[in-house]
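Now for the letters of each chain:
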Amino acid sequence: MSENQKLTDVVMPQLAEALVSATIAKWLKQPGEKVEQYEPICEVMTDKVNAEIPSTIDGVMVELIAEEGQNVSVGEIICRMAVAGGAPASAEPTPQTASAVSNVTSAAAAGDQSMRNRYSPAVQTLAAQHGVDLNQIQGTGMGGRITRKDVLAYVEKGGAAPRQPQAPEAAPARAEAPSPFKDLPHADPAVTPEQYIPVQPVSERNSGLHMSESPKIPPIEVERGERETLIDVTPLRNAIATNMRQSVSEIPHAWTMVEVDVTNLVLLRNKLKDEFKRREGYNLTYLAFFLKAVVNAIKDYPIMNSVWAVNKIIVKRDINISLAVGTEDSVMTPVIQRADQKNIAGLAREIEELATKTRQGKLKLEDMQGGTFTVNNTGSFGSILSYPIINYPQAAILTFESIVKRPVVINDMIAVRSMANICLSLDHRILDGVICGRFLQRVKENIEAYTLDTKVY
Amino acid sequence: MAVMEYIDAIRLAMKEEMEKDESVFVLGEDVGVKGGVFTTTKGLIEQFGEDRVLDTPLAESAIAGVAIGAAMVGMKPIAEMQYSDFMLPATNQIINEAAKIRYRSNNDWSCPVVVRAPIGGGIFGGLYHSQCPESIFFGTPGLKIVAPFTAYDAKGLLKAAIQDPDPVLFFENKKCYKMIKGDVPLDDYTVPIGKANVLREGADITVIGYSMPLHFCMQAAEELEKEEGITAHILDLRTLQPLDRDSIIEAARKTGKVLIVHEDNKTGGVGAEVAAIISEECLFDLDAPIMRCCSPDVPAMPISPPMEKFYMLSKDKVKEAMRQLAIY
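Line by line, the protein sequences give chains A and B.
Note that our numbering gives residue 572 to position 373 of the first sequence, counting from 1, and the numbers run on in steps of one.
Note that our numbering gives residue 535 to position 319 of the second sequence, counting from 1, and the numbers run on in steps of one.
These are computed hints drawn from the structure, not numbers from a lab.
Note that CB positions come from ideal geometry on N, CA and C, so glycine has one too.
Please note that the accuracy of each hint is not assured.
In silico DSBU-like links for lysine-lysine, alpha-carbon gap of 35 Å or less [unchecked claim]:
#1 B:Lys442 <-> A:Lys348
#2 A:Lys604 <-> B:Lys258
#3 A:Lys470 <-> B:Lys258
#4 A:Lys205 <-> A:Lys225
#5 A:Lys205 <-> B:Lys525
#6 B:Lys231 <-> A:Lys470
#7 B:Lys411 <-> B:Lys258
Distance ranges between label pairs, derived from CB positions [what the hints assert, rightly or not]:
#8 A:Ala327 <-> B:Pro521: 52 to 58 Å
#9 B:Trp325 <-> A:Glu355: 54 to 60 Å
#10 A:Ser582 <-> B:Ala516: 56 to 62 Å
Here's a subset of chain A near chain B, in silico, CB distances under 10 Å, partners left out [what the hints assert, rightly or not]:
#11 Val219
#12 Ser220
#13 Pro320
#14 Ala321
#15 Gln323
#16 Thr324
#17 Met341
#18 Thr346
#19 Lys348
#20 Arg478
Using the sequences and the accompanying hints, generate a full structural model.
Written out as C-alpha cells, the structure reads:
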C-alpha cells in the first residue's frame with residue numbers, strides 16, 4: 200500500500216434474489232488499467248442473469264483474484280483495486296470491533312475487579328453444593344467475575360471442601376424442594392400450560408387440549424365406547440367367507456410354481472398395444488395372452504377342468520375361465536364363457552368388460568355362473584408369489600405374478616430377462632404332482648412361444 | 217442418501233406425499249405452470265396434473281380459505297403463500313378458523329392443512345419480500361409452526377406437517393433455498409414436530425435459534441473455537457410452536473450462558489418466549505444474563521443495500537455477540 204493509494208477489495212455482489220454464487224465470464228479490466236466509477240470491470244454469469252459488474256470507485260485495477268470461469272460465492276473477494284487520490288474506501292467494521300474486544304480482554308487482564316464480588320445464580324448454586332469458598336477463586340470473567348466454569352475448574356482441581364464427597368457430575372441431582380408456587384398453577388414455572396388442566400380419566404369426549412399434545416382422534420364408536428370398530432358383514436362378504444371356508448376345509452390343497460421367461464411377450468405386447476388401443480378402444484393386457492396360454496394347455500390336459508363328485512370325477516367339456524377381479528373390499532370371480540372359442544383380442548375384450556362391470560357393481564347372475572377353472576392376475580397388485588385358495592368346487596386355480604427383470608443364465612451366459620412366476624393350487628383328490636407339472640410346463644411353453652409375429656386376431 | 221439443496225428437499229417432500237396419498241394437493245399463486253416463483257413446485261403439475269396442482273388468483277385469503285375448507289372435509293392441502301409478507305390477508309382464516317376449529321367443534325372437526333410460506337431477507341427484496349412473520353402467529357394455540365434450517369429437516373418436517381392432523385405453518389427460509397445443502401435420505405422419513413435438535417456440542421455458551429441465522433451461528437462457532445478456544449453449544453429449535461421446553465432447558469443448563477438468535481425483530485419475538493422459559497425453569501443455573509441477537513425493531517427491511525446490511529444478521533454480528541457472552 201503506497202502513501203496516497205488505498206487498496207480496496209471488490210466482492211461479488213448479490214445480483215438477484217436467492218442468488219448465492221456467480222461465475223466470472225470475462226475480465227474487462229486487467230491489472231494496471233484505469234477504472235472509472237460505474238465502468239464495468241467484469242462480466243458474470245448466473246443461472247438467472249448475465250450481468251456486468253460496475254466499479255464502485257475511481258481507481259486502478261491492482262489484482263484479479265477470481266479467475267475467468269471460476270464460480271464465486273456472493274460476498275467473496277473477486278479483485279483488488281487501488282483508490283485514486285487516497286480517498287478512504289468504505290472502512291470495514293471488523294477492525295473496530297476487534298479492538299473493542301481486545302480492550303475488554305486487556306481490561307480484564309489489567310486487573311479490573313469491578314465484577315469480582317458479583318456472583319451469578321449458577322456460581323452460588325455450585326459453591327453451595329461443593330462447599331467452595333468463593334474468595335479462594337480467581338475470576339476469569341469480565342471485570343474479574345467468577346464464572347461457572349471457574350468454579351467447576353476449582354472443584355475439579357480439588358479445591359472444594361469435602362462436604363459432598365461426590366464428583367461434580369452429581370450436581371444435576373438437585374434437591375426437589377417443594378415449589379413455592381405450588382398452589383398457583385398458572386404462575387408455577389414447573390407447570391406447563393397443558394398441565395393446567397387437571398388430569399382426569401378420559402371422558403367420552405375430549406377437546407380443548409393444548410396443541411403440544413397430539414390431539415386424540417375420537418374413536419369410531421359403535422354401541423359402547425370400545426376402542427374397536429365394528430363393521431357389519433355384508434351379504435357379499437359373507438358369501439366370500441363361506442366359499443373360502445368350504446374350499447379350504449373340503450379340498451386338500453397342494454401348491455406348485457414355475458417361472459416363465461416373458462421377454463418376448465413383453466416385446467410383442469409393446470409392439471401391438473398402442474395400435475390395438477387406438478383401433479379397439481380397450482387395452483391389450485398381458486392377462487389376455489396368459490389366458491390364451493392357459494386355455495390351450497387345458498385343452499391338452501382336460502383333467503384340469505374337472506370337479507370332484509365323491510364317487511366319480513366330472514370332466515367339463517366347455518372351458519369357462521373364472522377371472523378373479525379384486526375391488527377395495529371384495530373379490531369377485533366373473534366368468535369368461537367358452538374361453539376356448541376366443542382369440543387373444545376377444546379375451547382382452549372380455550377381461551375389460553368383466554373388470555369394468557365388477558368395479559361398477561353391474562355383474563349379472565349369468566356373468567358369475569359356469570366357471571370351470573380360475574385364473575387370478577395377482578401380479579396386478581405387485582405380488583411375486585401367492586398361495587391361492589381354489590374357487591370351490593373347481594379342481595385348480597392359477598395365478599400370474601408380477602413381471603420382473605432378473606439376471607438369468609442362458610447357455611452359460613447371463614442375460615437380463617423379464618421373468619414371471621405362475622403358481623397353481625390343486626385339488627389333490629383329483630390331481631397329482633406329475634400331471635400338474637406337465638400342465639404348468641405346457642402353459643410355460645405356450646407363453647414362451649409368443650414371438651413378434653404372433654397374431655392377436 | 218443424496219446431497220441436495222434445501223429447496224429440492226422441500227419439493228421432494230411434497231412429491232413423495234402426493235405420490236403416497238391422493239388427498240394431498242398443492243395450491244397457490246403460480247405453483248402450477250410456472251412451478252412457483254422460486255421453482256419449489258416445479259414439475260409437480262406435469263406429474264400430478266392440474267387437478268392436484270392448482271394455480272390460484274392473487275388472493276391469499278382465498279388460498280387459505282379454500283385449503284381450510286378442503287382440509288375440513290378430508291383433503292390434505294398444501295397452501296403456498298408466495299412470500300410470507302403476502303400472508304396477512306389470510307391471517308383471519310388461519311388464526312380464527314384453522315387454529316380454532318377442533319376446539320370450537322368439541323373435536324368433531326379438524327383441519328389438516330399445511331401453509332407453506334418463505335420467510336427472511338437479505339435478498340434485496342425490500343419491504344414486501346423479506347419479512348419474518350413468526351411472531352404474528354406464534355402466540356396462537358391451535359397452530360403448529362415449524363421453521364427448518366437443514367435440508368434434512370426441511371424434508372422430514374414438511375412430511376410430518378402434511379401428515380399432521382392439525383394446521384401447520386411451514387416457514388421455509390428463502391435464503392436457505394440454494395445456500396443450504398445437505399444429505400437427504402431418499403426414503404420415507406419424518407422429523408417429529410415439537411423436537412429441537414442439537415447442531416453442535418460445546419461447553420462455554422449455548423446458542424438457541426432457528427432457520428437461516430443458524431448458518432451464521434455455525435460459522436461463528438467454528439471460527440471462535442479455532443481462534444479463541446470458545447466452544448458453543450448450538451440448539452436448532454426447528455419447531456416454534458409448540459416449543460421443545462425440555463431441550464431448551466437442557467441446553468441452557470449445559471453452560472448457564474444463553475444467546476438466542478433470530479431474524480425476526482427482537483421485541484415480542486420467539487426469543488422472548490424462550491428466554492421466559494429459561495428464566496422460569498433455570499434461574500439457579502444461569503451464569504450470565506440471557507442475551508438476544510435479533511434484527512432491530514425497524515418497521516420493515518430496507519431496500520437500500522447498506523441499510524439492509526445494517527438490518528440483517530451476519531456471521532460477524534453473531535460472532536461478536538457470542539464472544540461477549542463467552543467472556544462475561
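Each hint, compared with the structure:
no., hint, result
1, B:Lys442 <-> A:Lys348, "holds (19 Å)"
2, A:Lys604 <-> B:Lys258, "holds (32 Å)"
3, A:Lys470 <-> B:Lys258, "holds (33 Å)"
4, A:Lys205 <-> A:Lys225, "holds (25 Å)"
5, A:Lys205 <-> B:Lys525, "holds (24 Å)"
6, B:Lys231 <-> A:Lys470, "holds (32 Å)"
7, B:Lys411 <-> B:Lys258, "holds (30 Å)"
8, A:Ala327 <-> B:Pro521: 52 to 58 Å, "holds (53 Å)"
9, B:Trp325 <-> A:Glu355: 54 to 60 Å, "holds (58 Å)"
10, A:Ser582 <-> B:Ala516: 56 to 62 Å, "holds (60 Å)"
11, Val219, "holds (5 Å)"
12, Ser220, "holds (8 Å)"
13, Pro320, "holds (5 Å)"
14, Ala321, "holds (4 Å)"
15, Gln323, "holds (8 Å)"
16, Thr324, "holds (5 Å)"
17, Met341, "holds (5 Å)"
18, Thr346, "holds (6 Å)"
19, Lys348, "holds (7 Å)"
20, Arg478, "violated (27 Å)"
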